[in-house]
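S.K.: Make a model of the complete structure from these sequences and hints.
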Amino acid sequence: MSTLAVYRLDSSSGRMPMATPNAGNAADAGRFEQTVMPHLDAAYNLARWLVRNTHDAEDVVQEACLRAFRFFGGFQGGDARPWLLKIVRNTSYSFLEKNRPTALGEEFDERVHGQDAPPPNVEATMVRNVESRMLREALEELPVGFREVLVLRELEGLSYKEIAELVGIPIGTVMSSLARGRERLREALLRARAKEGTRGL
Amino acid sequence: MVCDDNARLLHGYLDGELDLVRSLEIEEHLKTCPDCAQELWNQQTLRKAFRSSSLYERAPAALADRIRASIAREATADVAATAEDASAKKATIVSMTPTPLSSKRAAWNWLAVAAAVLLMFTVTWRVVPGLSGRGNSDLLTEEIVSSHIRSLQPDHLFDVKSTDQHTVKPWFNGKLDFSPPVRDLAEDGYPLVGGRLDYVDHRAVAALVYQRRQHLINVFVWPEGKETGEPKRMKSVQGYNMIAWEANGMYHCAVSDLNSGELEQFTELLRK
Numbered sequence: 001m002s003t004l005a006v007y008r009l010d011s012s013s014g015r016m017p018m019a020t021p022n023a024g025n026a027a028d029a030g031r032f033e034q035t036v037m038p039h040l041d042a043a044y045n046l047a048r049w050l051v052r053n054t055h056d057a058e059d060v061v062q063e064a065c066l067r068a069f070r071f072f073g074g075f076q077g078g079d080a081r082p083w084l085l086k087i088v089r090n091t092s093y094s095f096l097e098k099n100r101p102t103a104l105g106e107e108f109d110e111r112v113h114g115q116d117a118p119p120p121n122v123e124a125t126m127v128r129n130v131e132s133r134m135l136r137e138a139l140e141e142l143p144v145g146f147r148e149v150l151v152l153r154e155l156e157g158l159s160y161k162e163i164a165e166l167v168g169i170p171i172g173t174v175m176s177s178l179a180r181g182r183e184r185l186r187e188a189l190l191r192a193r194a195k196e197g198t199r200g201l
Numbered sequence: 001m002v003c004d005d006n007a008r009l010l011h012g013y014l015d016g017e018l019d020l021v022r023s024l025e026i027e028e029h030l031k032t033c034p035d036c037a038q039e040l041w042n043q044q045t046l047r048k049a050f051r052s053s054s055l056y057e058r059a060p061a062a063l064a065d066r067i068r069a070s071i072a073r074e075a076t077a078d079v080a081a082t083a084e085d086a087s088a089k090k091a092t093i094v095s096m097t098p099t100p101l102s103s104k105r106a107a108w109n110w111l112a113v114a115a116a117v118l119l120m121f122t123v124t125w126r127v128v129p130g131l132s133g134r135g136n137s138d139l140l141t142e143e144i145v146s147s148h149i150r151s152l153q154p155d156h157l158f159d160v161k162s163t164d165q166h167t168v169k170p171w172f173n174g175k176l177d178f179s180p181p182v183r184d185l186a187e188d189g190y191p192l193v194g195g196r197l198d199y200v201d202h203r204a205v206a207a208l209v210y211q212r213r214q215h216l217i218n219v220f221v222w223p224e225g226k227e228t229g230e231p232k233r234m235k236s237v238q239g240y241n242m243i244a245w246e247a248n249g250m251y252h253c254a255v256s257d258l259n260s261g262e263l264e265q266f267t268e269l270l271r272k
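Chains as they are written, first to last, in this note's numbering: chain A, 1 to 201; chain B, 1 to 272.
Hints were generated in silico from the structure; no laboratory data involved.
No residue lacks a Cβ here, since even glycine has one placed at the ideal position from N, Cα and C.
Label-pair restraints from in silico Cβ distances:
1. B/ARG183 x A/ASN99: 36 to 46 Å
2. A/GLY77 x B/GLN44: 33 to 43 Å
3. B/ARG213 x A/ARG136: 51 to 61 Å
4. A/THR173 x B/ALA37: 23 to 33 Å
5. B/GLN214 x A/THR173: 22 to 32 Å
6. B/ALA72 x A/ASP41: 12 to 22 Å
7. B/ASP188 x A/GLU97: 35 to 45 Å
8. A/PRO38 x B/GLN44: 27 to 37 Å
9. B/PRO60 x A/ASN99: 19 to 29 Å
10. B/ASP188 x A/ASP59: 42 to 52 Å
So these bits of chain A aren't anywhere near chain B, every CB distance computed over 12 Å:
11. ASP79
12. ALA80
13. ARG100
14. THR102
15. GLY105
16. ALA194
17. LYS195
18. GLU196
M.R.: Structure below.
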């Protein structure tokens with residue numbers, strides 16, 4: 001429960017200008033189509049990586065878009081993508097909390113996992129020829145906190161500042177989370193490569 | 001092994017997020033530290049792998065259609081409500097002028113968290129059997145938890161942020177099937193700071209927010225449906241004080257981390 005609380009607290013410190021749920025209308029629907037719908041791929045990508053299931057991701061995105069529409073009156077212009085992504089993130093976490101509480105309980109503290117592995121030698125830590133499939137599996141297995149910053153940075157190309165606002169953490173923490181997330185990702189890739197018996201990664 | 005100090009900064013460097021001075025420092029360091037240079041190379045390779053990967057998940061075409069349809073339904077359904085809501089909305093627009101001051105916003109965010117915590121304690125209190133005298137505690141738990149979750153969402157402390165009772169009260173018009181009593185107690189040192197809709201006990205309720213120094217007081221109000229004339233009940237849970245009472249057919253519950261003496265004074269003022 002404490003883990004959940006942490007995520008919730010995080011999500012409360014963002015900047016999303018949530019206002020009164022405004023009654024939408026036809027004109028709003030037109031504006032919504034123009035400003036928000038172009039970011040549907042981004043919304044789906046984030047939801048898919050957070051809930052790790054295509055069917056659930058579709059439901060989450062649909063609900064998030066409906067929420068976005070209801071709160072559209074509070075959107076103060078500018079880039080709608082981070083605004084929408086923040087709603088998608090919140091909706092995804094609500095979904096996980098309700099349906100997959102264990103997914104949120106995944107350890108997000110690198111002290112537990114990171115330090116006990118023996119330091120691999122330099123040759124073995126080289127990352128070579130990473131296949132898409134392997135990268136996908138490694139990313140899927142990361143705890144959700146690392147997974148989300150990596151997706152937002154590497155796939156969505158958001159800046160540290162945008163990620164910080166979206167996730168509700170300080171910019172320095174974004175950098176630390178990315179550093180640890182990438183480290184964990186590389187370890188996972190090395191393990192996968194070792195399993196397949198190929199030398200060097 | 002990578003130098004500890006630079007391991008983190010290396011990622012800022014890789015992402016082009018360091019300022020010029022830091023970037024130059026890292027570049028200098030990379031010239032003399034093969035481990036860090038190796039690490040940077042590793043990370044660049046990893047990044048290339050991301051770029052050339054098929055990891056980006058695009059939305060299925062049917063999803064866009066489904067969303068458009070549900071938004072169209074929502075927009076149509078709202079047409080009727082909009083007319084009814086027009087007068088209340090006017091008040092909302094006036095009072096909802098955004099406050100761009102980030103420090104202020106941060107403070108309100110903090111308050112939102114505090115309010116959520118308070119609400120959670122309300123939950124605990126209301127669902128403890130025998131305490132509130134209400135049954136069906138499981139259902140109540142469930143719905144109040146969703147209330148709790150909603151209140152934690154960004155900027156959810158207020159729907160209407162105003163110290164003017166004549167703005168806050170009419171704001172509830174058309175949003176609730178009752179008109180909550182709204183009184184500013186600024187003169188007594190308990191200024192009204194806003195209000196919002198909340199959902200407790202199977203119904204939409206009014207939540208009024210007052211402030212006493214740095215303390216926030218949430219007052220939840222909804223019609224009780226019967227005049228029970230129950231006496232005022234007081235409860236303290238882990239440092240949070242709660243006072244519930246009924247007046248004019250309305251159930252009231254004030255929650256705060258304010259000391260019990262002042263909270264009691266506050267509720268007495270409200271009950272006047």
